[in-house]
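Now for the letters of each chain:
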Amino acid sequence: DVKVTQSSRYLVKRTGEKVFLECVQDMDHENMFWYRQDPGLGLRLIYFSYDVKMKEKGDIPEGYSVSREKKERFSLILESASTNQTSMYLCASSLWGDRGSPNEKLFFGSGTQLSVL
Amino acid sequence: GNSVTQMEGPVTLSEEAFLTINCTYTATGYPSLFWYVQYPGEGLQLLLKATKADDKGSNKGFEATYRKETTSFHLEKGSVQVSDSAVYFCALSETGGFKTIFGAGTRLFVKA
Numbered sequence: 001d002v003k004v005t006q007s008s009r010y011l012v013k014r015t016g017e018k019v020f021l022e023c024v025q026d027m028d029h030e031n032m033f034w035y036r037q038d039p040g041l042g043l044r045l046i047y048f049s050y051d052v053k054m055k056e057k058g059d060i061p062e063g064y065s066v067s068r069e070k071k072e073r074f075s076l077i078l079e080s081a082s083t084n085q086t087s088m089y090l091c092a093s094s095l096w097g098d099r100g101s102p103n104e105k106l107f108f109g110s111g112t113q114l115s116v117l
Numbered sequence: 001g002n003s004v005t006q007m008e009g010p011v012t013l014s015e016e017a018f019l020t021i022n023c024t025y026t027a028t029g030y031p032s033l034f035w036y037v038q039y040p041g042e043g044l045q046l047l048l049k050a051t052k053a054d055d056k057g058s059n060k061g062f063e064a065t066y067r068k069e070t071t072s073f074h075l076e077k078g079s080v081q082v083s084d085s086a087v088y089f090c091a092l093s094e095t096g097g098f099k100t101i102f103g104a105g106t107r108l109f110v111k112a
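Quick mapping for you: the protein sequence lines, in order, are chains V and E.
Numbering-wise (my numbering), the first sequence opens with residue 1 and increments by one.
Numbering-wise (my numbering), the second sequence opens with residue 1 and increments by one.
Source of the hints: derived by calculation from the structure; they are not laboratory data.
Owing to the predicted nature of the structure, the values given are computational and were not obtained by experimental measurement.
Backbone N, C-alpha and C fix where the C-beta goes; we use that ideal spot for every residue, glycine too.
The reader is advised that the hints may include incorrect statements.
Which residues of chain V face chain E? A few of them, derived with a C-beta cut under 10 Å, are [what the hints assert, rightly or not]:
hint	residue
1	F33
2	L41
3	L45
4	F48
5	D51
6	P61
7	G63
8	L90
9	F107
10	S110
Next up, chain V with everything else stripped away, as it sits in the complex (with noise of 0.2 Å):
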């Protein structure tokens, strides 16, 4: 069975702290995503990552970095945690579809929530 596999549940931070968020998959797809949901605005792209080493910004990434340093893993790092980025924090892969899309199918994992005090 495919998996995206999350390193925590729930997540308790202070502000200021640094945090880091984990993903990894099983399946060797090339792309992987960083979603934020929050109620009644979704899922918010934070950052996409195409292959090792490779990343492009979503619609917001500030305050956040990621790194890439193996294919099957992603990680989401918030350099100085603040109280608004309190929230669900969802990981995502894909393969490249037929159209040469990175978006025909999302494999997600089952979320971090993270609350910043």
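Using the hints provided, position chain E relative to the given structure of chain V.
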């Protein structure tokens, strides 16, 4: 810019009722359209998709038709079950891009 608008929830139905969740979109080009479902405590999973106008996506009794003239992709199911209780997200993928744009989600409760 591209956007997806779906009906606000929650939607509460009795078992075996007919379900419609409305979704409209704004996009340039010819996006693919999707419905994702999120069961409690889980990540999203693809329910169905359609890649061009007049295509019908279907899965697990759910259907949606890509209507370019009305820019809509409404989700329907003829007879819902308690196990269909979840949050449903309408989404589009940008033509030639890497983003999937999601709607705000619609929570469905099905009562026995």
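Now for the hints, and whether the structure bears them out:
1. F33: holds (8 Å)
2. L41: holds (6 Å)
3. L45: holds (6 Å)
4. F48: holds (5 Å)
5. D51: violated (12 Å)
6. P61: This interface hint is violated because 12 Å lies over the 10 Å limit.
7. G63: This hint is violated: G63 (chain V) lies away from chain E, its Cβ roughly 19 Å from the closest one there, beyond 10 Å.
8. L90: Hint on L90 (chain V): holds, closest Cβ of chain E at ~6 Å, below 10 Å.
9. F107: holds (8 Å)
10. S110: holds (5 Å)
Figure legend: structure checked against the earlier numbered hints; hints not met, in rising order: 5, 6, 7.
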